[in-house]
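Chemist: With the hints as a guide, dock the two chains, each given alone in a separate frame, to form the complex.
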Amino acid sequence: MISVDNVSVQAGSFALSGVTFSIPTGSHGILMGRTGSGKTTLLEAVCGLKPVTRGTIRLDGRDVTSLKPGGRGIGYVPQDGALFPSMTVAEHLGFALVVRRWKAAAIRERVQEVSALLGLGPLLARRPAGLSGGEAQRVALGRALACHPSVLCLDEPLSALDDETREEMCAVLETVRRRTGVTVLHVTHSRAEARRLGDCIFQLRDGVVGEAGLTTGAGARRDGVIGGDPFPPQPRPTA
Amino acid sequence: MTGPGSNAPESDAPPRVRSDAPFLISFAILGGAYVLLVLAMLAADASFTSPRHFWAALQSREIRYAIRLSLLTCSLTAILSVWVATPIGYLLSRYRFPGKALLDAILDIPIVLPPLVIGLSLLILFQTRPGRAVQSLIPITYEVPSIILAQFSVACAFAVRTLRATFDQIPVRQEHVALTLGCGRGQAFWMVVFPEARRGLLTAATLAWARSLGEFGPILIFSGATRMRTEVLPTTVFLELSVGNIEAAVAVSLLMVVAAVAVLMVIRIFGLERTPGRSL
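Chains as they are written, first to last, in the working numbering: chain A, 1 to 239; chain B, 1 to 280.
Isolated chain B, as found in the complex (with noise of 0.2 Å):
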């Protein structure tokens, strides 16, 4: 509103909008710059191997024999995630206590730190009395459960993560009406928040499963890279190209990709499905 004396007369009507293509564009040009990133590397892989390498690799019987081993490694791997960072996810979404915070902290610790030194801390952790203790019962290092417990001491951060967001987004009063209708605690987690959560569960087991894949670091130091024994698809990557075999190394990468992208796409399918009205 316009008064007298005024030097600068305002205007009530509405403003000028200009157009919104500009924003899109430069957000469409940045975001796209990565994707080209991501797919160059796809079709450099590609444009190295041939159908023949690829199922020459597919032939050999260390790689079908570290295919199998990645498969079940990683499908355990999951299952043990999701079967303990349930609890985690659960107790740090609902309960406050003292040391809330340092506990976080510690669960967030798996995934800042890098891979090598994961690895060597579980070499050293079972190489102290307790760990030799647990390895005269069932032996770990070098064998296959270390790569299972390398994948896991990684995966279940990821998974705890997920569920935690997962049981942060069920209201509290669900459980609170389930408790006035009799349940206890135990019996209103089952009944009410589980079914609910069950997306969360399959997102996060999806995510552990397609982390553990692509696990490498902790699993060269804690269980070796021994064909036929230990070996994973990254640890076949790594050793057919340090026998200067790149062809083979490119047909496995492809190969996790395919295996990766396959996982990644059930994540969205299963895990975003129910979740309408996030685009515009």
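So that you can see chain A by itself, here it is in the shape it has in the complex (with noise of 0.2 Å):
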């Protein structure tokens, strides 16, 4: 579960403040907001990459707002993927496991379980130079994953992709969660992407406080959690 409860973050001359919304355990959280609104801090302050100034993030119903960011066993895919130029897809797939000195045995065997479950296989030898978008996006995935993080924290990572791999992605993304059962906090501005995905859907407006600021939306919930519809003009989604 992740917990977000009277949180305020200030990045430079922009600030968030009294922000409030839970995503319950193996759910798939939707944050929209316009470009600026503030959605990518909020959700680099539930990473550990912005320090908040006031506030509670509890993972897990675990307090992590003083934890540093390697500390918080979340995986965080950023939107342009950010992979490693200089390393293989095999060394970002067991980088975390790396860090965490698994034996070589063992990063070896769950590198493969990661590239089975997001079909790269093919490409552990490539370079991130030879890869396109929708791969690099799988291995960043594949990426955050690899330590089996119980939150993974999404950050527009469909925006630059077409259509097609966009929606092999998005199958992608339903598969990690149903077969891992890990909490999504996912970064858009695509109603079609918070439609396809989203368990629970918020919105985040003028960076505002509390119930002003963030609603909470009722898009393709199927959880219950509450709020205004972000998308009022759309009729709701049948499926």
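Hints were generated in silico from the structure; no laboratory data involved.
From the three backbone atoms N, C-alpha and C, an ideal C-beta is built for every residue, glycine too.
Some clues are possibly wrong.
Claimed, not checked - Only pairs whose alpha carbons sit at most 25 Å apart, straight line, appear in this in silico DMTMM-like list of lysine to aspartate or glutamate:
#1 K68/A <-> D168/B
#2 K68/A <-> D5/A
#3 K50/A <-> D80/A
#4 K50/A <-> D5/A
#5 K68/A <-> D162/A
#6 K50/A <-> D168/B
What the hints assert, rightly or not - Partial list, computed: chain A residues near chain B (C-beta under 10 Å):
#7 A11
#8 F14
#9 P69
#10 L83
#11 F84
#12 A96
#13 C170
Modeler: Put into structure tokens, the structure is as follows:
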């Protein structure tokens, strides 16, 4: 479970204050908002990459507000993937495990598991320069998933992909969540993505506090998280 | 679009695009003039010497010592410069802190200061009480370490500039990902940033090396020009000129040109190899 309680973040001249929302364990939470509304800042605060000036962030009931990013047990997939140009795909998938000093055999086994889950087998020896957009995002996802995080933070991971690849990635994300039970916080500005993937949908508006600033949505929700509809002119999805 | 009553009817037709040739030719002439100047200087040098002078210079015990000392000091300076410039370049690239603009300006001082002034400042520094205390442990002034220190004072500033640009080009997001995967800042640097910066590190090292090879002013003041002791190649040119042996001075100059061109070619090949899309 991701629980953000009355959190304030200051990033340069930009500020978010009194933000509250929660995503139940195993759910896919979507955070929407206009460009510059602070979605990424909020996601980075959950990851521990932006300091929180007030409030509490809990992951699976554990207060992680003052923990460093590496101690939070999260997987982070930024917008551009941010792959490491000097490493192969296999090295990406094993990166977090090398940092945790896993034995080489265990790393090899886990890399095989993750590559099988994401269909990366044929790419293991390649470097980022030779990957397509969709492949790069799958590698970034695999790199984040390798060390069994309980929470996955996705920052517009599909925005640079063509329609067909985006659909493939949506299917991959659904499979991943079904197979791993990971809780997802997914930042996007795409309504289609939100409807396709979201269990609970939140809207961040003007970076403002609590009820006025962050209204919770009920797009394609399947879990009963409360709030107004973030897509008023659109008909509710029937699926 | 033309409206009724408009005095100067405007056309929607595409404009007549003129030839690019005058633009390209004028740029090529201006740039070519400078390249010609450099080549003319080298040609003049070459016409002033002969393979016999070149060979004679290489046979001289003093000049061979200067070549060895130049190669040794330049290499040590290059390593030392990159070693020191890496943390400075990284911190300047990644962090904002009070006094950063001042620090930036301080780091440019060795680049803008006249070389003689750097030598004089080093000489005075090592005559102060702390300077003399250091010299009681390691003799520096007028000894070989003074050459390295004089070269380092200038070369390191160039290495800092190069490495800062290198780190600026490496997206900070990659480090963020590494942090979320369990790295500390140090681990993220060594595992992610450093391998990616290796071409920049090589460029900084070669630039520092080439810069050190041509360093003369600070060395003359701070290290002196004693044969078989603190004589590096620029000192040789100066000493040979001062005794009227212009042929030897020119031969040594050309030797330095060959060494510098070789090093700069290494920079071009390794430093720019992976930056495609720069040409039209």
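Chemist: Now look at each hint and say whether the structure bears it out.
Modeler: Hint check results:
1. K68/A <-> D168/B: Holds, because 24 Å separates the two Cα atoms, which is no more than 25 Å.
2. K68/A <-> D5/A: Since the Cα atoms of K68/A and D5/A sit roughly 18 Å apart, the hinted pair holds (cutoff 25 Å).
3. K50/A <-> D80/A: The hint holds at about 19 Å.
4. K50/A <-> D5/A: With Cα atoms ~16 Å apart, K50/A and D5/A stay inside 25 Å; holds.
5. K68/A <-> D162/A: violated, 35 Å
6. K50/A <-> D168/B: holds, 20 Å
7. A11: violated, 12 Å
8. F14: Where the cut-off is 10 Å and the nearest Cβ of chain B is about 15 Å from F14/A, the hint is violated.
9. P69: Status holds, d = 4 Å.
10. L83: holds, 8 Å
11. F84: holds, 5 Å
12. A96: holds, 4 Å
13. C170: violated, 22 Å
Going down the numbered hints, you'll see the structure goes against 5, 7, 8, 13, while the others check out.
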